[in-house]
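S.K.: Given next are the chains, with one letter for each unit.
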Amino acid sequence: MSLLHQLREYELRMRREGKKPVSEGEQAGGDEMPFMYALQPVRWRVTLRGDGTVLDVQPLSSGKTKGKDLGKPTPAPNLVRTVGIKPRLLTDNAEYVLGFAKKEGDPKVGQRHDAFKALVQACAEATGEPSVQAVARFLGGHDPASFKEKYLAAFSDFTPDTNVTFSVEGVEPLTLPAVQRFWAAQFGQGDNENGATALIAECLITGEVGPVMEREPVKIKGILGGQTSGMNFISANAQAFESYGLQASQIAPVKFEAAEQYANGLNRLLADPNTSLKVGGVTYAFWTGEGAVPLVSRTLQEPPAELTHRFAIQKKREKKARPEEVRQTLWGIFQGEQPTLKPGAAFHAVGLTPSGSRIAVRTHLTSTVQEAVDNLSDYFTAQSLVIANPKYDRESYDIRTLVSGMYRDINKEHTAPDVDALVQFALSGRPLPESFLARLAARNRADEYRVTRPRAVLTKMVLLSRDRKELDMDKDSLDALNPGQPEPAYHLGRLLAVLDDIQGSVMRANTTLVDRFYGSMSITPYAVVGRLIHGSQAHLQKLRKENEPAYRAKQRELEDVMSRLADIPAKPLTTAQQSLFALGYYHQRAEINAGIRERAEAKKARAEAEKNVPQPEPLLTEGAVQ
Amino acid sequence: MLELKVWSDYACFTRPENKVERVTYDVMTPSAARGVLEAVFWKPEFEWQVREIAVLKPIRRFSLLRNEVNTLASERTARAWAANGGGFLAEEDRAQRHALVLRDVCYVIRADIVPRAHATDPLQKYTEMFTRRAEKGQAFHQPYLGNREFTAFFGPPDPSETPIDLSEDLGRMLFDLHFQENGKGRLKYRAHGEGGARWATGNATPRFFNARLDKGVLHVPRHLYGEVDA
Chain W
10 MSLLHQLREY ELRMRREGKK PVSEGEQAGG DEMPFMYALQ PVRWRVTLRG
60 DGTVLDVQPL SSGKTKGKDL GKPTPAPNLV RTVGIKPRLL TDNAEYVLGF
110 AKKEGDPKVG QRHDAFKALV QACAEATGEP SVQAVARFLG GHDPASFKEK
160 YLAAFSDFTP DTNVTFSVEG VEPLTLPAVQ RFWAAQFGQG DNENGATALI
210 AECLITGEVG PVMEREPVKI KGILGGQTSG MNFISANAQA FESYGLQASQ
260 IAPVKFEAAE QYANGLNRLL ADPNTSLKVG GVTYAFWTGE GAVPLVSRTL
310 QEPPAELTHR FAIQKKREKK ARPEEVRQTL WGIFQGEQPT LKPGAAFHAV
360 GLTPSGSRIA VRTHLTSTVQ EAVDNLSDYF TAQSLVIANP KYDRESYDIR
410 TLVSGMYRDI NKEHTAPDVD ALVQFALSGR PLPESFLARL AARNRADEYR
460 VTRPRAVLTK MVLLSRDRKE LDMDKDSLDA LNPGQPEPAY HLGRLLAVLD
510 DIQGSVMRAN TTLVDRFYGS MSITPYAVVG RLIHGSQAHL QKLRKENEPA
560 YRAKQRELED VMSRLADIPA KPLTTAQQSL FALGYYHQRA EINAGIRERA
610 EAKKARAEAE KNVPQPEPLL TEGAVQ
Chain G
447 MLELKVWSDY ACFTRPENKV ERVTYDVMTP SAARGVLEAV FWKPEFEWQV
497 REIAVLKPIR RFSLLRNEVN TLASERTARA WAANGGGFLA EEDRAQRHAL
547 VLRDVCYVIR ADIVPRAHAT DPLQKYTEMF TRRAEKGQAF HQPYLGNREF
597 TAFFGPPDPS ETPIDLSEDL GRMLFDLHFQ ENGKGRLKYR AHGEGGARWA
647 TGNATPRFFN ARLDKGVLHV PRHLYGEVDA
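For the record, the sequence lines run as chains W and G. For what it's worth, our numbering labels the leading residue of the first sequence as 10, then goes sequentially. For what it's worth, our numbering labels the leading residue of the second sequence as 447, then goes sequentially.
Isolated chain W, as found in the complex (with noise of 0.2 Å):
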């Protein structure tokens, strides 16, 4: 389904359920906005008498305190101005209504007022309305300079770029439903704004034949690095993207309507912090075909705290999260705060990214609710990894955090195409670019820190997420250390770890054996193994004389790894083997440290029980043997 046909039955079901629309990036009160209408400040309110002479002239204000006081917000008729002389009916700032200049002498002035009074006249006559021709009267024996010593006098903050609207006799002409039609029919009559006649031609969206929109009525905003003004979605501004002599937006024929509602559409879901995401570059929406939307944009900015409980308790009592449960967990979370969502809902997520003034369109997806959280719940499960360290570390992780681990500086750089990867493998479960492993690994090799828990857990996803046919693994348990792991690229990376921690024990050096050797064992390992082993024999002779069930255990642990290393391959290790590698060294981390916790907690217990029991006296011979 296109894109924008999805957007205009979005916006159609809200305006059905009676949701109110969107404009100016502000919520819009009461009921259904009428057709190019949108919320606007109004500054100033003109009072006429019915025979069009002017009563007095009223402030209106927002009730702001803060800044330059722009007016109250009203809905008024709205239409997208750039260079060209456009008025809107009945209200508008002051260079329209009143003739006033913005810019001493600006000879386009009289031009705009008389646009306007052209405008408002053509309605009087069209509608017939009373107090409209009241307007046109007084427009019809205006004089700004004589108007503005009798009326403004008192209103020292007066400012021509605000916006000024009119009172007749207690009506409000805008809000007359004569009035809105008549706004209304002025889009998508077949004219445009040089006289020309508008291309006749088959909506792409509705499939109706007629005439067609030059320009797009209402533009999108709040995508992220885009301008602020709003940006298009069918534009043609140059030749190379014209064809057939089809110009602007004609280029994609659509109806005025339609384009009005499409945009709304998706003004409305980027407004809601629930139905858009803003991260690394790409701006995301999410919409379903009925009931709620899920909090996809939230749980990937903050994965919940349910769902880390849900890891912990999985851990304790089996080494694997189980996805049905982190599923049931979502679906729970989900459904408390929305209870209108339903599963066999179409579900729809695009990626946004700005170009110049126009949008480009990264990701297009539709799924159903169900699919969209299954994968999401999957999602999360590949995050399960044991912890290493538990004062730091998290559980599971936003995507900027995740995408992070990539990068020296995540700020410099250009992470759309990483960012857009990850939201699609949550949503649609694709898988994630290979080019990621490449990234992490260098980062491994580089960074002191080696290898973070971000990015185990990236790459650990990166790993379950594609079929990695020549990398020999157990796919079913990366989760934690499994001495199974076939692949001997694993086992090197637990013997990095293990030698590390050997040195560890005997001496505290300011440049450690993995500051020194990570790099190398990580490519090279042919190269290096040989060398470490034999260097770890003088540090185990050591701790043998030292400590010597230290020395017992260090040396169990070392051959239980080298008994899983038949030959060390001799090529370089491909970028998937480099990967394992960075796993298997952190899982052999995780699991020393967590030995290290254990000891030192059982340490800590027999101390709390000794200082409970009363110590015997010493005996003489302890000393002796000394």
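No lab work stands behind these hints: they were computed from the structure. No experiment lies behind these values; they were computed from the predicted model shown. We put the beta carbon where it would ideally sit given N, CA and C, even for glycine. Treat the hints with care, as some may be off.
In silico lysine-lysine, DSS-like type, Cα no more than 27 Å apart, as pairs [stated by the list, open to error]: (1) Lys111(W) with Lys75(W); (2) Lys478(W) with Lys503(G); (3) Lys465(G) with Lys230(W); (4) Lys287(W) with Lys421(W); (5) Lys228(W) with Lys111(W); (6) Lys582(G) with Lys571(G); (7) Lys159(W) with Lys117(W); (8) Lys77(W) with Lys230(W); (9) Lys465(G) with Lys287(W); (10) Lys613(W) with Lys400(W); (11) Lys81(W) with Lys112(W); (12) Lys465(G) with Lys228(W).
Heads up, incomplete: computed chain G residues facing chain W, CB under 7 Å, no partners named [to be verified]: (13) Pro462; (14) Arg618; (15) Leu623.
Starting from the known structure of chain W, fit chain G onto it as the hints suggest.
M.R.: Just chain G now, kept in the frame of chain W:
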């Protein structure tokens, strides 16, 4: 019905609404299929009418950034360079654009040759010419899948290959452009008729249809051709 298999590493059947920052349709459009067939064999005496497009490989999308130039090549400008010196510096006219394209595609196009009113030879002549050309790999120009960059390979289909098992609505898809002669038209194009080729002025408007993938096959509704004079 004539058949032709086409395949390529990439394809981009650009959606008109995402023409600047391109996004592809999920499946080859009938007009792209016509373009491929015309590259292999075409004569003014007949037109191609695409009936079915079978998708043989799963739909995979791929994100691509390319350096493109902003302006169109103009013959008149090039002539001016030839006369007065100068030239085009691509580096000064760069734009980096994103495209969401298809990856690793393979289609079987099924289409009919429909002779025009001024054709004098029997249909069989054209069908056999096409079959011979397709088998030999002959083409007037190398066919491409949507964008010139995505060169296509072609040949007779292999009966053992079957379409993918996927049925879904693809939404409204571009069918083709409808040319209408009009003295004040925006477009100059070649029209072919009894008296040979001639230049015509007119307008072209895009036509759309509700596309649906039915067990991996896109059926092009026949009534579309009843209303279009290509």
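S.K.: State for each hint whether it applies.
M.R.: Right, here's what the structure says about each hint:
The suggested pairing of lysine 111(W) with lysine 75(W) holds, with an alpha-carbon distance near 23 Å, which does not exceed 27 Å. The suggested pairing of lysine 478(W) with lysine 503(G) holds, with an alpha-carbon distance near 21 Å, which does not exceed 27 Å. With a C-alpha separation of about 20 Å, the suggested pairing of lysine 465(G) with lysine 230(W) holds against the 27 Å cut-off. Taking the CA atoms of lysine 287(W) and lysine 421(W), the gap is about 17 Å. The hint holds against a cut of 27 Å.
Of the supplied pair hints, the one linking lysine 228(W) and lysine 111(W) holds, its CA atoms being roughly 25 Å apart against a limit of 27 Å. Simply put, lysine 582(G) and lysine 571(G) have alpha-carbon atoms about 17 Å apart, close enough for the 27 Å limit, and the pair holds. Simply put, lysine 159(W) and lysine 117(W) have alpha-carbon atoms about 24 Å apart, close enough for the 27 Å limit, and the pair holds. Taking the CA atoms of lysine 77(W) and lysine 230(W), the gap is about 22 Å. The hint holds against a cut of 27 Å.
Taken as a hint, the lysine 465(G) and lysine 287(W) pair is honoured in the structure, with Cα atoms around 24 Å apart against an allowance of 27 Å. A C-alpha spacing of about 18 Å is found between lysine 613(W) and lysine 400(W), which places the hinted pair at or below 27 Å, so the restraint holds. For the suggested pair lysine 81(W) and lysine 112(W), the alpha carbons sit about 25 Å apart, so the restraint of at most 27 Å is met. As the CA atoms of lysine 465(G) and lysine 228(W) are separated by approximately 17 Å, the hinted pair is consistent with the 27 Å bound.
With a cut of 7 Å, the hint placing proline 462(G) at the interface with chain W holds, because the nearest CB-to-CB distance is about 4 Å. With a least beta-carbon distance of about 6 Å to chain W, the hint placing arginine 618(G) at the interface is held under the 7 Å criterion. A least Cβ separation of about 6 Å between leucine 623(G) and chain W falls short of the 7 Å threshold, and the interface hint therefore holds.
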